[in-house]
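Note that the protein sequences, when read in sequence, are chains A and B. All residue numbers for the first sequence refer to my numbering, where the first residue is 0 and numbers rise by one. All residue numbers for the second sequence refer to my numbering, where the first residue is 0 and numbers rise by one.
A hint or two may mislead.
Since the list can't tell identical chains apart, any single copy or any two copies may satisfy a pair.
[Claimed, not checked] Capping the alpha-carbon separation at 30 Å, the derived lysine-lysine pairs in DSBU-like fashion look like this:
#, residue 1, residue 2
1, Lys28, Lys154
2, Lys67, Lys311
3, Lys188, Lys121
4, Lys111, Lys421
5, Lys121, Lys421
6, Lys38, Lys24
7, Lys333, Lys158
8, Lys28, Lys100
9, Lys352, Lys421
10, Lys38, Lys183
11, Lys421, Lys100
12, Lys292, Lys342
13, Lys128, Lys38
14, Lys154, Lys67
15, Lys211, Lys342
16, Lys154, Lys234
17, Lys421, Lys70
18, Lys348, Lys271
19, Lys128, Lys67
20, Lys266, Lys183
21, Lys28, Lys121
22, Lys188, Lys67
23, Lys154, Lys100
24, Lys154, Lys266
25, Lys371, Lys350
26, Lys211, Lys67
For the record, the hints were derived by calculation from the structure and aren't laboratory data.
Protein chains: 2
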Amino acid sequence: MNIPRLSCPRIVIIGGGFAGVSLAKQLSKQEAQVVLLDKHNYHTFQPLLYQVSTGGLEPDSIAYPLRKILKNFPNILFRLANVEAVNTDANTIVTNIGDIKYDYLVVATGSKTNFFGNTEIKQNAMAMKTIPQSLNLRSLILENFEDALLTSDLKERDKLMNFVIVGAGPTGVELAGALAEIKKGILPKDYPDLDTRRVQINLVQSGDRVLKQMSEKASKKAEAFLEELGVNIWKNLRVNTYNGNVVTTNTDVVFETATMIWAAGVKGANIKGLDAEKFTTRGNRVVVDEFNKVNGLDNIFAVGDIASMETKNYPNGFPMMAQPAIQQGEQLGKNLVRLLEGKTMVPFKYKDKGAMATVGRNKAVVDLERWKFQGSFAWFVWMFVHLYFLIGFRNRAVVFINWVYNYIRFDREARLIIRPFKYKNRTR
Amino acid sequence: MNIPRLSCPRIVIIGGGFAGVSLAKQLSKQEAQVVLLDKHNYHTFQPLLYQVSTGGLEPDSIAYPLRKILKNFPNILFRLANVEAVNTDANTIVTNIGDIKYDYLVVATGSKTNFFGNTEIKQNAMAMKTIPQSLNLRSLILENFEDALLTSDLKERDKLMNFVIVGAGPTGVELAGALAEIKKGILPKDYPDLDTRRVQINLVQSGDRVLKQMSEKASKKAEAFLEELGVNIWKNLRVNTYNGNVVTTNTDVVFETATMIWAAGVKGANIKGLDAEKFTTRGNRVVVDEFNKVNGLDNIFAVGDIASMETKNYPNGFPMMAQPAIQQGEQLGKNLVRLLEGKTMVPFKYKDKGAMATVGRNKAVVDLERWKFQGSFAWFVWMFVHLYFLIGFRNRAVVFINWVYNYIRFDREARLIIRPFKYKNRTR
């Protein structure tokens, strides 16, 4: 690998998500060579992916060039690479661009969609964890309506206009709400020659409430919002199979649909060499101690979704979302500085800043530690927080303009089929 | 085909570009069923494609949903379709979604890249006539720099950092200027570990000046601007072959490059049934009379790039650009209304509104009938005109913000490899 070896230690970070980026920033002025690897050349702001899928935002507004984030940090190098394995004995990682030596390794690979071993669902369902996946979903949704116009077979048409979203976490809820708003505000105008009242949005949930990570109050209100928008909520229903046409469940309920979106779970995006039983836990996450150090290894750390730090309040590790990733990245960055300076590391303490989800215009739910609220104000808070955490002035400005425009005009103009999905790449 | 047949005449328009859209708008209140077909569900603002390729703009900002343009016109239907042929005897067109009957047909299929029969170049060069093509080019340019970092073979690295643009019309000139600005303002920061001074931008031209469609003064100034930015201009040089690695020419000059962009010409995007010799002219365009009616056919018209209306001032038809397309679309729309009302049609008169091209910040050339000017003011005029002709408030606002931001920060933030090109789809 064509990376010059310096006399100072080399820290390799795998993954430029929330954890990797906040970690790298801490190391920007250190006597250490930092190498950040990612399979994309951009950071993805995952919480807004559902708006890309539903035409509310351009993909480029929620992506930010990793090289630009690092441009003022001369000790940090970026390489576009797929990491295939880690060799903990040789202190190297194996990538598609060659082997890379490390002194310290930080695994910040995040999570990926968990199909729980169901290959049929994996093959036929849509996922929404990356920008290309979100764009595929955007294309498919729009292609379905174009196709619905062309058939005079009513059953086929209903199938094309039936959307089944599995999993009622924030992603599922936000996507269901956005689709319901599109049904109401955009489809009747875009498809005057189609009876778009027949569009069905089904949100399927194996538990007994939506947003089960949030308060009961938030769940209840979110359900009310969803019902107001016309989303069919299915509780205590478990999806068994999906062959691309029919969804079967653990009950008699069956959905005929051309589009099933799988948002029912994620698992750690683990890499070979750290996937042995001694390192990993349920959900494919790597077990770390209170310093984010991988159990049993001296110079390998894990942060963010991939890391499972088991604490009293969180016996299965912290929730797999942005806040723990950002906080762990920052803390580990500081700890690595301490390590380089020969000081002892400081244990990580998670500060739960609460959770929020949006269902639609003026419809959001926010849980803070001392205050839980819902409705218009929650919606403004949701928007403000998301704008705040977006990286880059231009992205913020463009997202803000889009939101103002969409709000005033009840519109989502990025409903473009730039790369057709259905007939091009029915695999992923 | 599932389009209800009404008692009023049906006008089918193939193509939602400048000509097709301006035509459709004229027919919005008529006693006629209008069916607009396009292979994309959006209108593309082609003059800004080069900014998508060079990371200055998001693709979604220069695309606009065709259904949205038509949403207030209840007599106009849109269908997403690839038109394969026209059967002038049966008055039907053959498409991938079935045959469609017409009473009047308007061909507004525009133009496509002309490789002049050179299949090797067609296979290995990049074109930039559509949004997907422009995104492929964006990915390839960025991938080249990522790859250049990985090789220690200097010759290979130079090849990856050498860009050859063939054709010095507005597209070639604007692309060359944008690449030169990226070389200067972005690459040194993004790739501190790469000697980006070695990046070469070659603009190859078979004629003896750039922008030959414009005034001598504009050509001269554009050349000065390009040289100031460090673009190598090659005149009177004709490209013969390109195998993906080496460009050969009609002289001893040879370029070793991983990226050749072909902007050397366009030809009419003709369809079977109108491509017979009696209908077409040099450059694959359909010959039309002064009413845009195809010679020898009573109910078929052609407008825009595909149409060749031979007049005294333009013996080979009007230039293949936006203005003639917009004006012809509008005029034919009015003429079709007259036709439906039993009135005689009015001959088309082209009003040359001038031409302009931009090379870089504060560097543009504008030719108006009575006034030719260059530099900062020309650049502002160029931006204003392009913003004005963009469709949609949101697109204008987002493009404006991007331009202001890029201007102040010397930046182009959409440098994202969302769909890798090099290793995924080396065919088009």
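Tested hints:
In this homomeric assembly, Lys28 and Lys154 never come within 30 Å of each other (Cα to Cα): the closest approach is 63 Å inside a single copy and 34 Å across copies. In the homo-oligomer, the alpha carbons of Lys67 and Lys311 never lie at most 30 Å apart, since the shortest distance is 39 Å inside one protomer and 54 Å across protomers. For the identical chains of this complex, Lys188 and Lys121 are neighbours neither inside a copy (34 Å) nor across copies (40 Å), given an alpha-carbon limit of 30 Å. Taking the shortest Cα distances, Lys111 and Lys421 sit within 30 Å of each other both inside one copy (22 Å) and across copies (25 Å).
Taking the closest pair of Cα atoms, Lys121 and Lys421 come within 30 Å of each other both inside a single copy (16 Å) and across two copies (26 Å). For a Cα distance limit of 30 Å, the shortest separation of Lys38 from Lys24 inside one copy, 19 Å, qualifies, whereas the shortest one across copies, 45 Å, does not. With identical chains, the CA atoms of Lys333 and Lys158 are never at most 30 Å apart, being 53 Å at best within one copy and 41 Å at best between copies. Taking CA atoms no more than 30 Å apart as the test, Lys28 paired with Lys100 passes inside one copy only; the shortest distance there is 21 Å, against 70 Å between copies.
Taking the shortest alpha-carbon separations for Lys352 and Lys421, neither the intra-copy value of 40 Å nor the inter-copy value of 42 Å comes in at or below 30 Å. Proximity of Lys38 and Lys183 under a CA criterion of 30 Å is satisfied inter-copy only: 26 Å between copies versus 38 Å inside one chain copy. Taking the closest pair of Cα atoms, Lys421 and Lys100 come within 30 Å of each other only across two copies (27 Å); inside a single copy the shortest separation is 42 Å, beyond that limit. With identical chains, the CA atoms of Lys292 and Lys342 are at most 30 Å apart within one copy only, with a shortest distance of 16 Å there and 84 Å across copies.
With identical chains, the CA atoms of Lys128 and Lys38 are at most 30 Å apart both within one copy (14 Å) and between copies (28 Å). When the C-alpha separation of Lys154 and Lys67 is checked against a cutoff of 30 Å, the pair qualifies only between copies, where the shortest distance is 27 Å, while the shortest distance within a copy is 50 Å. Taking identical chains as interchangeable, the C-alpha atoms of Lys211 and Lys342 are never at most 30 Å apart, the minima being 41 Å within one chain and 69 Å between chains. Only within a single protomer do Lys154 and Lys234 lie at most 30 Å apart by alpha-carbon distance; the minimum there is 25 Å, versus 62 Å between protomers.
When the C-alpha separation of Lys421 and Lys70 is checked against a cutoff of 30 Å, the pair qualifies only between copies, where the shortest distance is 25 Å, while the shortest distance within a copy is 39 Å. In this homomeric assembly, Lys348 and Lys271 come within 30 Å of each other (Cα to Cα) only inside a single copy, at 29 Å, whereas the closest approach across copies is 69 Å. In this assembly of identical chains, the alpha carbons of Lys128 and Lys67 lie at most 30 Å apart whether taken from the same copy (23 Å) or from different copies (29 Å). For a Cα distance limit of 30 Å, the shortest separation of Lys266 from Lys183 qualifies neither inside one copy, at 34 Å, nor across copies, at 43 Å.
Proximity of Lys28 to Lys121 under the C-alpha cut-off of 30 Å is found in neither arrangement, the shortest distances being 43 Å within a copy and 48 Å between copies. For a Cα distance limit of 30 Å, the shortest separation of Lys188 from Lys67 across copies, 8 Å, qualifies, whereas the shortest one inside one copy, 40 Å, does not. For a Cα distance limit of 30 Å, the shortest separation of Lys154 from Lys100 across copies, 26 Å, qualifies, whereas the shortest one inside one copy, 58 Å, does not. For the identical chains of this complex, Lys154 and Lys266 are neighbours neither inside a copy (36 Å) nor across copies (43 Å), given an alpha-carbon limit of 30 Å.
Taking the shortest alpha-carbon separations for Lys371 and Lys350, only the intra-copy value of 17 Å comes in at or below 30 Å, while the best inter-copy value is 64 Å. Taking identical chains as interchangeable, the C-alpha atoms of Lys211 and Lys67 are never at most 30 Å apart, the minima being 37 Å within one chain and 38 Å between chains.
Violated hints, listed in ascending order, are 1, 2, 3, 7, 9, 15, 20, 21, 24 and 26; each of the other numbered hints is respected by the structure.
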